[in-house]
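Undergrad: What follows is the residue order along each chain.
Number of protein chains: 4
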Amino acid sequence: MSYDKSYNLLKGKKGIIFGAFDENSIAWKVAERAYKEKASFVLTNTPASLRVGKIQELSKKTNSIVISADATSICDLNILFEKTLDHFGGKIDFLLHSIAMSINIRKKLAYPSLNYEFLRKGWEISAVSYHKIMQTAWNKKAMNRWGSIVAITYIASQRSFPFYGDMSDYKSYLESITRNFGYYWGVKEKVRVNTVSQSPSVTRSAKSIEGFDKFLVFSEKMSPLGNATAEDCANYIITLFSDLTRKVTMQNLYHDGGFSNTGIHESTLI
Amino acid sequence: MSYDKSYNLLKGKKGIIFGAFDENSIAWKVAERAYKEKASFVLTNTPASLRVGKIQELSKKTNSIVISADATSICDLNILFEKTLDHFGGKIDFLLHSIAMSINIRKKLAYPSLNYEFLRKGWEISAVSYHKIMQTAWNKKAMNRWGSIVAITYIASQRSFPFYGDMSDYKSYLESITRNFGYYWGVKEKVRVNTVSQSPSVTRSAKSIEGFDKFLVFSEKMSPLGNATAEDCANYIITLFSDLTRKVTMQNLYHDGGFSNTGIHESTLI
Amino acid sequence: MSYDKSYNLLKGKKGIIFGAFDENSIAWKVAERAYKEKASFVLTNTPASLRVGKIQELSKKTNSIVISADATSICDLNILFEKTLDHFGGKIDFLLHSIAMSINIRKKLAYPSLNYEFLRKGWEISAVSYHKIMQTAWNKKAMNRWGSIVAITYIASQRSFPFYGDMSDYKSYLESITRNFGYYWGVKEKVRVNTVSQSPSVTRSAKSIEGFDKFLVFSEKMSPLGNATAEDCANYIITLFSDLTRKVTMQNLYHDGGFSNTGIHESTLI
Amino acid sequence: MSYDKSYNLLKGKKGIIFGAFDENSIAWKVAERAYKEKASFVLTNTPASLRVGKIQELSKKTNSIVISADATSICDLNILFEKTLDHFGGKIDFLLHSIAMSINIRKKLAYPSLNYEFLRKGWEISAVSYHKIMQTAWNKKAMNRWGSIVAITYIASQRSFPFYGDMSDYKSYLESITRNFGYYWGVKEKVRVNTVSQSPSVTRSAKSIEGFDKFLVFSEKMSPLGNATAEDCANYIITLFSDLTRKVTMQNLYHDGGFSNTGIHESTLI
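Residue numbers (the working numbering), protein chains in the order written: chain A, 81 to 350; chain B, 81 to 350; chain C, 81 to 350; chain D, 81 to 350.
Hints are supplied without guarantee of correctness; some may be wrong.
In this list, chains with the same sequence are indistinguishable; a pair is considered to hold if it fits within one copy or across any two.
To be verified - Subject to a maximum C-alpha distance of 25 Å in a straight line, what follows is the list of computed BS3-like cross-link-like pairs (lysine-lysine): (1) Lys141 to Lys187; (2) Lys268 to Lys220; (3) Lys294 to Lys270; (4) Lys91 to Lys118; (5) Lys91 to Lys201; (6) Lys301 to Lys201; (7) Lys116 to Lys91.
The set of hints was computed from the structure by calculation and includes no laboratory data.
Given the sequences, and given the hints that come with them, work out the whole structure.
TA: As structure tokens, then:
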């Protein structure tokens, strides 16, 4: 597929993109695509990720500034939003949350054997951070009317995928935040909030999951259109940030080549 | 909201739009918007609708031809697709199904008192027509790879809305066709198939529903972003026809200002 | 598992059971189990099924009468309900709909190649019959308050299972009838209406499905508790007919060993 | 409705019931009903709840012992399960989780203004406790084959109900645990795990919710069968603990008089 065209879909729009680490990150692809569509944005990630990852490269490519922030810290988030509003001289139009981490998965602790201290951290990073970002934006009145907030999720939030461990529960929580905060954003600020439930993608965090490779192949076979790539996901998210989808809110949107509604694929029954 | 911008999202794309009757029709708005986005298309409706409605006006505005066809007639559909492929000198990229009719509702027969002959006709017009259109397109190999097929539905397919009568069941059937034919289209032709579950809109068929006015107000109050209008819907459908949403398939996509996931709205509890 | 115990759960309850053909039928197992739980009921099926099947054997075993009726014929249904109410000297408490047939599947017509005359018949037999049965019961005021109406469905109504063809769409329609007629039954008569979405079972109609054997094995592997058998299903339906589930209505209840919410089973990824 | 009959549905079954506080608690009603159905069980709650509530009264009525335990403490849970297994001289058959608390709601902090320390506590009490209970039972191999584990939830987990605040997100998490731990319990131990999504009930925790009274009336009007009471819920849960529902697992079961699938009720549109 050629993704070379630009439609100027985000011309004049400003935003913050959370979670770009390297060129495999969904957030990275969204930044590249948003830049092509004429958006301006701030890139942000934790100090550790900024150090290890390649965000400076992305920053140059997309002519955007980088502001370090731990999305579990209200203090960091306050500074991030203040700097951003200051940088743009006004409110913003979109937010992307692409943040997820499970220490239990990294430590190869199976779901029945979760460590609860790791669980708390994973939940705060992967799910509560979404609420904190929105609470900060809410308190600072940072969003323009008809703005758009998106987070990335995975279908393990709705069905059991054993390899995905406690991350499944965080994603359920994330989707619930979407509905609940989405209600308030809609009523008071005409801002929409959604999650995109994406095919498995070979990102940095995916690599820490045992058996991920096998699963990727299974998912590819089960999806009538094949897995959606990170580039595909970026394209889709651009439509959600654009003015053409203003009345879509509080939804969990499957972007997965049809996987979610495929009970069985003929090719897997042989 | 201003919908004046054009993004050239459908440049070079060709399609067929079923169901434009007058300027209140969703299909009408889609045609206008698709034209603005540089698509070429054929307009079609039944002979009776062509006679009574204003499609010639739309045809002129959008520089498109009109081909009469009853979407319940395989014979008519064959001719329609042959003429269309001939007209464009090749395959097409998108199809819009916006066809629905319940004689039981028109005759004010409540759901427990359905007339089964009316039921059969309503089902054939509102639901089976979608299968017939896709079967014809399938047999004629009419769709380009990465094409997009969309039908309009309503949330009464998933929850009980008494005023919507037997149309609710047709819409369920329509959404099921979407999943099942969508599987084959995806696997064999890389074409995607979806439904858009739209807010209640004041279209010609809506006007035949008793109590529709009251319901429209309720729906407006219950939706955090307000009801989505037919123009909003057209914008959204353009994104589904574009190349930016290629991996979304077999989905029922709520475009309703958040109504579907709002259990209760504070303003309705006073 | 031992299913020998009886709890007298249906003592004093009367009903009609549609669709028992032979000892593999779910309706057959429900009849056996309902009898054990002290229910009285009428067995019914089409004249052809009565001739070919073994319903007389079941009738003797369960001390119940058999009344021939084609569930697509309002005339037959009127007679059935009149005779039943007369037989019991009063209203009834439960109805079981276990009727499904796809000529397209029997003729091995794949989903994109459906014959629309066969489709209409399949839809009338498998889905509309449920509405007709309820309409007849409604008009004759045949149900006691807190009665229970159940139909059997399959998850292909919600996700694509290619081997299940057009039956998938009929089941979607059936589930929609459940919600819509369930609303009226609830509001006016305090009667509940539900579907049970059952694991694939080796019934007579299942045997006509190509590739069913392979699928049965796949489903067994994917279900954390294994497939639910027809006996399991009978047990479950008894609880839905009992007084212990009076507030469950308009639901599609998965009875499938967990299949519906299992995205992937470790044993299938090897 | 008369719930006086006993069916001996739980004869010989043993279990633990978490969360009975006073006669309005769902757990209280389940204990009463389970006792009538011949189950034996241990009652448990936090030391503070035991002090303030009336659990001793229930203990006498149902001939059961009380063991104090904080369900967020793995240490307490270990002792609870050890004592229980010892008390019964063997494994148990059922567990009921009826535990929920939101400090944010008590403090009247609206959803956009959550306090994150309160959030963490509420999440640990209302959601993580379910995982901890199952992890303890898992490690101690406490459950008999074909045992049944149930937690109480509310539809705010799936749609926005502003008055329900952060509890909505906990309930989503709880339902996700159900699917994910349910998978493992099913595969390894043939134990089923479900949630019951219950109508709003006037329990102690409900009383702390602002605007709950208005909502209760709205819910009563919107539910075709009316709200399900705590007694209704107890009856339903008994069926889920019985041997008649062995293949139902990883489900969220709506027990709500049809509320969940009622889009609009005629009586609310006047």
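Undergrad: A separate judgement is required for each hint: does it hold in the structure or not?
TA: Quick rundown of the hints versus the structure:
For the identical chains of this complex, Lys141 and Lys187 are neighbours neither inside a copy (35 Å) nor across copies (47 Å), given an alpha-carbon limit of 25 Å. For the homomeric pair Lys268 and Lys220, the shortest alpha-carbon distance inside one copy (14 Å) is at most 25 Å, but the shortest distance between copies (50 Å) is not. For the homomeric pair Lys294 and Lys270, the shortest alpha-carbon distance between copies (23 Å) is at most 25 Å, but the shortest distance inside one copy (42 Å) is not. Taking identical chains as interchangeable, the C-alpha atoms of Lys91 and Lys118 lie at most 25 Å apart whether they share a chain (5 Å) or sit on different chains (19 Å).
Within a single copy, Lys91 and Lys201 get their C-alpha atoms no closer than 37 Å, and across copies no closer than 43 Å, so neither meets the 25 Å cut-off. Taking identical chains as interchangeable, the C-alpha atoms of Lys301 and Lys201 are never at most 25 Å apart, the minima being 34 Å within one chain and 34 Å between chains. When the C-alpha separation of Lys116 and Lys91 is checked against a cutoff of 25 Å, the pair qualifies both within a copy, at 9 Å, and between copies, at 18 Å.
Hints 1, 5 and 6 from the earlier list are contradicted by this structure; the remaining hints agree with it.
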